[in-house]
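Participant: Listed here are the chains, written in short residue letters.
Protein chains: 2
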Amino acid sequence: MRFLQTADWHIGRRLFGYDLLAEQSAVLSQVATIAQEEQVDAIVIAGDLYDRQNPNETAVALLDATIQQLNLSLKLPLLVISGNHDSGVRLGVGADWFAETDYFLRTTLASVDQPLTLGDTQFFLLPYFEPFQARQFLQDDSIHTVAQAMTQLVARMQAQFTPGLQHVLVAHFFAAGSTHSDSETTVAVGGLDAVPLDQLAGFDYVALGHIHNKNALHSERVRYSGSLNKFSLSEVDQTKGVLIVETAPALTVKFRPVTPLHDVQNIRGAFADLSDPDYLRQHQIDQTAYTGIVLQDTNIISNASGKLKAQFPRFLTMQREQSVQLAQRQHLTQAQIKAPLQLLADFYQQLTDKPLTPAQQTWAAETLKEVDRS
Amino acid sequence: MRFLQTADWHIGRRLFGYDLLAEQSAVLSQVATIAQEEQVDAIVIAGDLYDRQNPNETAVALLDATIQQLNLSLKLPLLVISGNHDSGVRLGVGADWFAETDYFLRTTLASVDQPLTLGDTQFFLLPYFEPFQARQFLQDDSIHTVAQAMTQLVARMQAQFTPGLQHVLVAHFFAAGSTHSDSETTVAVGGLDAVPLDQLAGFDYVALGHIHNKNALHSERVRYSGSLNKFSLSEVDQTKGVLIVETAPALTVKFRPVTPLHDVQNIRGAFADLSDPDYLRQHQIDQTAYTGIVLQDTNIISNASGKLKAQFPRFLTMQREQSVQLAQRQHLTQAQIKAPLQLLADFYQQLTDKPLTPAQQTWAAETLKEVDRS
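First to last, the sequence lines map onto chains A and B.
The opening position of the first sequence corresponds to residue 1 in UniProt numbering, with each subsequent residue numbered one higher.
The opening position of the second sequence corresponds to residue 1 in UniProt numbering, with each subsequent residue numbered one higher.
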């Protein structure tokens, strides 16, 4: 089995107000080209096809055209799950018809009981879910985190393993050890929604969506493909693309980059330089990219961003270097992050000059356990 | 060919704030039952499946379940067009897959060139369209009304008629001669969007959606099925249901009513009676219905609607008889309605004490011609 892994298309997303549809269309057609060049047996799309539960018509039309091309024109089997940005109900309309042409679209937890065998590989499709959905599906009120749910779901999937086949999980969640960029949605404080990597050890390969950085995990066997576009200034240094995964005879994973229609970049410099067309040309600075600018100047400059927009038609934002450095100094390292209960206790003490009573502590601890919706 | 004709489901609609989903689900399952009892060859759904371009998830789930039951479980061919309340783009996702199971979903004008032959009948599916879409599709900038577009579209369809078959048009528009209730969307002033009945003479039968009253037209051959639910107080006297159409050997059309889960009614009476549980019981007044109340009292009554709500849990609105009569007296008869240009001229004169100049009249007449979006 040789498949293309992609995820986090976020069709309909905007970047600082700019409509990215043409950017998304450009990389999506490269996915089709790569799939053909690599002669893959299937395409795996691991969630967040849309950016919103309720995408607008142009986003719907682009996804529809893309899926039609891949599945109906190129006759490629598609294995698709919904992500946290998708509405499973809206995305899932028609799924019973789509399976006829090997477009397998799964949007509910029930799909863990519907493994798909393609060639030498048994695929398990696990759409994004929240703990309350797992509580209902598994009929177990003790489930409050994604990891708790995964313990049972993985066991349930493993019980369905066909011996002699490769076993691949397609899922959309935050696997422990991942790093984050600004453009994913918030991760619950305390990591309530994180799935430890060792829970995934039973699978030969895990194709993940959710994190936009393809290098978020340092595992050969559990991989994020990352997004196809840079969706924030924190992603400027990432190379975007898809993974080509071969499960047998040995697992091999190859990255194939896509070329953006327009790049997203951060530029640091003096206002006099960055507002000077000659300087920009001489230094071969890409004026067509979506551009965030960090000014090194300290003096007041009248209408600085207006003048920079004249040179960078896809201007995003302007900051001063000092404030960037200040913000960076304030960034907490992982070790400094306090547990939610401690944060609450400190805050209460600060407000009232009293510590939490034991009863309050118990109540707060119980309530924090319930706070499992990200 | 024997088919069931329905339209204007408006799934997701609310009535004075009440969610009607359970009401809609109840009548939709009766449609499935009637289709089986009548052993129809197909079901025609003539637009406005949803109430909104952007329906919420519960509405999407109900339509999805309904279509799955009719097409996948009962194996009934479906001929479906989008109406003015639907988003053609959103509703149309998956249409290329649906045709595999004889679920023919058409949402663009291009479908006039894709007639469908089922048994002895050739169906033409014409989704709702606006004049600007016809201008683009027909590449004719002179089109400013639906009727103008229909002249060309009908000729185009007739050129594709297969001799010896029955020819049925499925469409969603306002056919001239229809009467209106409050719950359809506005009809353009001057009837710019109306289609004269004589334009439809070439078809053996025309299955229409748009008007909620099944008796809106007095034609055996051109019929609205009406909606399945009463969607406003102006529809209280209408019986809702579906049509069973047999095209051969002779055209026969039969109405099959559906039974509402809860009715919609208007009640007229004295406050003392209508707020008295004994009176209501003795007079067998349905207290479970969605109820609009017209009070005949003239005196001031403290918290009248609050007290009426206690007897009518699905209370909609309360009016006084006098104001109803006043409003009725102010209703204009058809003959009294002024042409748009005359209305504009009168309004201008009223504001400025001057008549429109000849130049202004020309400009206004031109502009009114452009105002063809309903």
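I should point out that these hints are in silico values taken from the structure, not numbers from a laboratory.
Owing to the predicted nature of the structure, the values given are computational and were not obtained by experimental measurement.
Yeah, the Cβ is synthetic: ideal placement off N, Cα and C, and Gly gets one too.
Heads up, a few of these hints could be off.
Per label pair, the in silico range of CB-to-CB distance [unchecked claim]: (1) Pro196/B to Ala22/A: 52 to 58 Å; (2) Thr288/B to Asp141/A: 32 to 38 Å; (3) Ala359/B to Tyr279/A: 53 to 59 Å.
Participant: Could you run down the list of hints and mark each one as holding or not?
Facilitator: Hints, verified against the model:
A C-beta distance of roughly 43 Å is found between Pro196/B and Ala22/A, which places it outside the suggested range of 52 to 58 Å. Here the CB-CB span from Thr288/B to Asp141/A is close to 36 Å, well matched to the stated 32 to 38 Å. Between Ala359/B and Tyr279/A the Cβ separation comes to about 55 Å, which falls inside the hinted range of 53 to 59 Å.
The earlier numbered hint that this structure contradicts is number 1, and it is the only one.
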